[in-house]
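**Q** Could you put together the complete structure from these sequences and hints?
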Amino acid sequence: MAILSVDNLRKHYGPVQALKGVSFNVPKGAVFGILGPNGSGKTTLLGIIVDILRANSGSVMLFDEKPRPEHRRRIGTFLETPNFYHYLNAVQNLEIAAAIKGHGKEDIEHVLRQVSLDQRKHSKFSTYSLGMKQRLAIASCMLGNPEVMIFDEPTNGLDPVGIAETRELIKKLNREGKTIIMASHLLDEVEKVCTHVAILQKGTLITHGHVDEILVQEDIVETNAIDNNRLLSAVQHFPGAIKVHLNGQHVELSFEPGTANLEAINRHCFDQGIVLNHLRLRKKSLEAKFFELTQNNN
Amino acid sequence: MRQLLAIEWMKLKSYRTFWILSGLYLFSILGLNLIAFRVQQSIYEAKEAQGMAEMVLGSTPYSFPTTWQMTSFMSSFLLFIPGLIMVIQLTNEFSYRTHRQNIIDGWNRREFITVKIMLAMIMSAISTLMVIVTATIFGFADGNRSFSVENFQYIPYAFLQAFSYSMVALLIAVLVKRGGLAIGIYFMYSVIIEDVVKLLLNMHGGSAGRYLPLQSSDELIRLPLLQNAQDKFWAPANPVIMLIVALTYLAAYIFFVIRKFETDDL
Chain A
1 MAILSVDNLR KHYGPVQALK GVSFNVPKGA VFGILGPNGS GKTTLLGIIV DILRANSGSV
61 MLFDEKPRPE HRRRIGTFLE TPNFYHYLNA VQNLEIAAAI KGHGKEDIEH VLRQVSLDQR
121 KHSKFSTYSL GMKQRLAIAS CMLGNPEVMI FDEPTNGLDP VGIAETRELI KKLNREGKTI
181 IMASHLLDEV EKVCTHVAIL QKGTLITHGH VDEILVQEDI VETNAIDNNR LLSAVQHFPG
241 AIKVHLNGQH VELSFEPGTA NLEAINRHCF DQGIVLNHLR LRKKSLEAKF FELTQNNN
Chain B
1001 MRQLLAIEWM KLKSYRTFWI LSGLYLFSIL GLNLIAFRVQ QSIYEAKEAQ GMAEMVLGST
1061 PYSFPTTWQM TSFMSSFLLF IPGLIMVIQL TNEFSYRTHR QNIIDGWNRR EFITVKIMLA
1121 MIMSAISTLM VIVTATIFGF ADGNRSFSVE NFQYIPYAFL QAFSYSMVAL LIAVLVKRGG
1181 LAIGIYFMYS VIIEDVVKLL LNMHGGSAGR YLPLQSSDEL IRLPLLQNAQ DKFWAPANPV
1241 IMLIVALTYL AAYIFFVIRK FETDDL
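Heads up: the protein sequence lines correspond to chains A and B, in order. Read in this note's numbering, the first sequence has 117 at position 117, and its numbers run on one by one without any break. Heads up: take any position in the second sequence, counting from 1, add 1000, and you land on this note's numbering.
Please note that the accuracy of each hint is not assured.
Stated by the list, open to error - Capping the alpha-carbon separation at 20 Å, the derived lysine to aspartate or glutamate pairs in EDC-like fashion look like this:
1. A/Lys243 / A/Glu222
2. A/Lys124 / B/Glu1008
3. A/Lys124 / B/Glu1093
As the list claims (entries may be wrong) - Which residues of chain A face chain B? A partial, calculated answer using Cβ under 8 Å:
4. Val50
5. Ile52
6. Arg54
7. Phe84
8. Gly102
9. Ile163
10. His210
It is worth saying that the hints were derived from the structure and are not from the lab. All residues carry an ideal CB built from backbone N, CA and C; glycine is no exception.
**A** Below, the structure written as structure tokens:
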């Protein structure tokens, strides 16, 4: 069963095309990351899913059905900013959210403890720090133990401890069997937390699928010799190398993850009469990968 | 519906701005009528004018049964206040984005906006109740005539008028969304702009101005003094027609408020 199916979704704000025909499915049990730079249409996409924005065309299905308010009660959603009544305290705010979701007050203590807000639960929302507001929003999502959660930039504005805690919480919720859909502009976050990813750029879905397939991290070997051109031709057809090219002052060889053998490269060059003065293995940075993915689309 | 109102109550019960303004408004109804009542007393009790006032103006307006009309008329000058309260509490939701969260959490859009319309209705009812209490108090304080519910139709008119003002307020709030701007537009429209437009429309002797949105419900309740003189200057409006016009406007406000909220990006 697909938790969420999006089909050819389009949305424009006046002349600005925010979504240009986006389609994908979110399978049950996934942590589905929607990755894209700022302004790529992530929040617009999530806003349409929860009915606060109207799509111009295309369709959304929740739990294989046309979306209804009852579906949203089974989804904990934290969109963009924590939205609460400033003059009410945490408990009063959660009571309202719980009542709308059709639950009693029984969960409130528990969810506040889970985000460590129980000490400040009787303080007004307006007195909270950004991090506390954010944690209250996550607590609100957990009311009624929903099977699906939607988070939009959940770690935005948190301190490093808060970021780590939030990511841990998301993983924990997923281990409990929940499906999580999260938007992020942080590649590293998606890589650490998500099982699936969809990459969005300027309203177009570039690619989507398993994180392992999409965000493959190649091994890159940097080499350098006195005559780099000779070095380049010597390693051009090195067995196993996917790509060999001159990058600045280094000749770089790319390999499938975990297959680069520095010793073999060194011996190969030496046998060809080239002495290396630099040999280093590095993981391809995810940012570079991300640029590569998004650049092709410009 | 009870569930929706219960949730609205949870939002409002600790909302201090709402309660302070509402309290001051209800007190103002009493206060403004007290001022008018004192003016009435000084005119009718002045020794030199003994009997004159009665001859020229008619019997004291705060006596039964004109007290219903007089109190409704005086109180209508304050009706921009409940409208302002409606604008403030709705645009407050917009600026905190809690209207979005309510939908995200599982209300449908119609539920959210219906409960706001209900709130406008309840506020209008409470305001009307205050008018009844005030009219009764000054009716007895005047003491010239004994208690009577004749002319009590002015009370439902007062409710209709209050509801119209509140719905115009909701409509402006839904259209403009931003608090300060909505408050400004509503205030200026209800207090000044409509009267100016009415004046311009009526400049050449016509009475088209009475069909303006707020004016149509204002027309139902006229000052119960110098009726003959008033009639000479302005041909009296047919109350049945004005009632139909006012109700039509009201239906239109409700329709457009719901429609706007249901189709907008929130």
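**Q** Of all the hints given earlier, name the ones this structure violates by number, lowest first.
**A** 9 and 10
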